[in-house]
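Visitor: Those sequence lines, one after another, are chains Z and X.
Mind the numbering: the first sequence is residues 1 to 328 in this note's numbering, read in order.
Mind the numbering: the second sequence is residues 1 to 408 in this note's numbering, read in order.
Be careful, since some hints might not be right.
Stated by the list, open to error - Away from chain Z, derived, C-beta distances all over 12 Å, residues of chain X: (1) 173; (2) 186; (3) 204; (4) 211; (5) 225; (6) 252; (7) 256; (8) 289; (9) 293; (10) 313; (11) 343; (12) 384.
Claimed, not checked - Lysine-lysine pairs mimicking PhoX-like chemistry, simulated, CA-CA at most 20 Å apart: (13) Z/285 to X/80; (14) X/139 to Z/87; (15) X/146 to X/256.
It should be emphasised that the hints constitute simulated quantities derived from the structure, not laboratory data.
Backbone N, C-alpha and C define an ideal beta-carbon position, used for all residues, glycine too.
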Amino acid sequence: MVAVPKPRRGAITGKRWVFLVSLGLMAGLLFVPAGHSDYLNLTFRNILMYAAMSYGWNLIGGYTGYISFGNVAFFGIGAYCSAVLSKAGVDNLFADVGLALIVNALFAVAVGLPILRLRGHYFGIATLGVALGLTDLASNLDFLGGSGGASIKQIGEAHFTTYYYAMWAVTLACMIATFFIARSKLGYAFVAIRENEEAAQVLGISPTRYKVTAWAIGAMMGGAAGAVFGAANGFIDPPTAFAVDNNVFPIAMAILGGMGTASGPFIGALLLSGANELLQQHFLKLHALFFGGIIVLMILFLPRGLMYLVGLRGGMRRWLSDLAVFRV
Amino acid sequence: MIRTIRLFLAAALVFAAFGVPVTQARAAGDTIVFGSAVSLTGSLTKEGHLTQEGYDFWKDYTNAHGGLKVGAKTYKVDIKYYDDESKPNTAQTLAERLIDQDKVDFLLGPYGSGTAFTVAGVAERKKIPMVEGNGAAEKIFNQGYKYTFGVLSPAKKYLQRVLEMAVNQKPRPQTLAISASSDAFSLEVQDGAVTWAQQHGLKVVYANKYPDGATDVSSVISAIKAANPDIILNAGHLQDAILVNKGLKEQNVQAKIIGYSVGPDTPDFVGTLGKDSEDIVGGAQWSEAVGYRGIPGFYRTAKEYADAFDKQFHHRPDYHDAESTAACLAFQYAIQKAGSLDREKVRDALASLSITTFFGLIKFDNRGLNVYKPMVVNQIQNGKLVTVFPAEIANAKLRYPIPVWGKR
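Given only the sequences and the hints, what does the whole structure look like? Please build it.
Guide: Structure below.
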C-alpha cells in the first residue's frame, strides 16, 4: 500500500495569505467611488472586469488545463444579453446578469460537449473559431443591431457608481466561487484532469462531464462581466463585445498572477492593467511596445505566475533552475 | 529570498491598486490646455498622425504669434495627447482621464467616428466643449448632444460628389458597385452614395459590407468583378483603400472610375501603391485648390496654409491635416468671441459661430455638424493630388475613363 500524500494546504487555491490580501484589496476597492472621479471609476471598473473574465478563463485554462482562446465569446454574449433586454424595455442589472448566466451556461454546454472532446491545440483553435463565428453572427443579426451596434439605456445619473459596484460584486463572486470550487470535489476533479486525463478517468472521474462543468461555470463568470459591461457602456457593437483585448488580456493576467489559483487572476489583472495604464500615460507612442515586452519577459521568467514564486521553496537557485529559458 | 519576494509582491500590489492615479497638476494659469486622444497606434495610425499634425501646426502658429487673446489676457496654448490605439473604449477612458486627472480646459476630437462617438458621450456628461474634425458619422450628431461640434461635412456626402461628377462624364457611366467596411462612418458613406445613385438613375449592381478591420477582401473583389460595374467605390479608411486597390489590380478588375472615401488624399496612399494609385479619385473635405479667403487671425488661404505647413512637416497637408487645424480654429474664434474660458460661454459661442477660414465656412447646425461646407473630388495624376471637381475650383481635368491596370 503506497501512502498517497495529502495535497499541501493552499496547493489548489494558492497561498492562503495571498488570498486574504486579495480580499483586503477588494475591500479597499470599495472606496474607489469616494474619489469622485469618473476616470478612476472607469479604470478600476475595467480592472475588475478583466479580473472577472480572467477568473472565467482560469477555471478551464488554469484548473482543468484546457487552454481556451475563445472565452471572449461569453463576455460578448453577456453584453448582448443586456442589449436585448434593454430593447425589450427591461433595464435592470440583476435581470441582465441573470439572463447572461442562463444563456452562457446553456451555450457553453451546447458548444462544450463537442469541442471539449478535442485536446491541446485543436481545442484552442476550436474555441477561437467559436469567438470569431459569434463576431460574424452578431454583425449579421439585425435584431442585435448588426454591425452598427445596439444601444442600452443608462440608468440614472449616478450610474457610474452603480455600475462600478455591480462589477465589483461580480468580481468578488468570481473570486469566492473559485476559492470554494477549488477546494471542493469539483476542483480536485478539474486538477486531476489537468494533470493526467487518462489517470483521472481510471479513478472514476468522467472527463467530459467535469470539463463541460468547468467551461460552463467559467462562461457564466465571463458572461456576468459582459452583462455589466454592456449596461455600463450604454452601447455595444461586435468589435467592442468580441474585442481581441478582451480575449488576450484575461489569459495574460491569469498567467501572470498564477493559473489554477484563487487569487492569481485578480492580482494579474491589477498588475497588468496598472502597468498598461502607467505606460500609456508616460510613453505616448511606445507604450504598446513596452507592454508587449513585459508579456514576453513574464512568459520567459514567470511562466507559472507570481503565485508559484510565492510558494517556492529553495529560493532564487530553484527558480532559475526551473526556467526553460536557461535550458539551451 | 522568499521574504524579499513577498515584500516586493505586497508593495507591487499596493502600488498597482493605489498608485495608478498619479494626479497631474493643471497647467499654469496662463496656458489654455486642450486634451485629445488620437490614434497613434492601431488600424487608424496614419490618419491619427495627420490629425496630430493639424493640431500641432495650429498650436505652434498660435504660440509663435504671441498666444491667444481672451478678453484682456493673452494665453499660450498647449495640447495634451494620449494614444487611443484606434479603439473607442480606450478613447473613452482617456477622455475621462484628460478631464479628471489632467484637468484640460477643452477637448479636441480623436480621429474617426467610432472614437469620436464615445468621446462625445464623455464631453456631454462632463459639459466640456469638444470640437472635432475627424468624425463624420451623423450618428455622433443625432444623439442630441450639446457639447460636440464637427467642422467637417457629414459622412453621407463623401462619395456623393464623386457620383455627381461621374454622371456628367461622356460616355455616362451606368452602373455602380460600392463596398463598405462595417463601421459607422463607412456604412453612412455607403448609404449616402447608394441613395444618391438610385435617385439619379445609376444602377447599383453591388452594395455590400465586410468586417471592420478585414485583412482579406478578395471575395468582395470577386463579387464586384462579376457585377462588371462602370464605377467602383469603397467606403472605408486608408487601410481599406489600399487593400481594395491591390485586390482590384490582382484580379484585373476594370472600371471607368475607381474611388475611395478615405485614402487617396493621405501621403501614404501614393507611397504604398506607387503607379497603381494613378488616376484613383477620392472624396475630400478640402484641398489646396479651394478658393476660400479666411478672416484674419490665421493663414487666410489654402495656399498660404499649405506652404507654411509644408515648411514645418515636409509634406503637403491633406484634408485630415486641414480639418484638424480647422477644429482648433473653431475654438480659437469661439473663445475670442466669448471673451472668456468659461465652458458654457465657449459652448454658446461655438453654437452661434459663423466664420470663413482657409478650410471653408465653419458653422454648425443645431446638431453641431457643419453641413454648410461643400466637399471636393481629388484625383491622383502623375503621383500628385489634383482637384478635379467641382469645375469652379478644379485645377486639373478629370482623366476619364481611366486606363486599364498596367497601362498607367
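Visitor: Please go over all the hints and tell whether each is borne out by the structure.
Guide: Hint by hint, here is what the structure shows:
no., hint, result
1, 173, "28 Å, holds"
2, 186, "10 Å, violated"
3, 204, "19 Å, holds"
4, 211, "6 Å, violated"
5, 225, "23 Å, holds"
6, 252, "29 Å, holds"
7, 256, "30 Å, holds"
8, 289, "33 Å, holds"
9, 293, "36 Å, holds"
10, 313, "17 Å, holds"
11, 343, "16 Å, holds"
12, 384, "30 Å, holds"
13, Z/285 to X/80, "13 Å, holds"
14, X/139 to Z/87, "18 Å, holds"
15, X/146 to X/256, "43 Å, violated"
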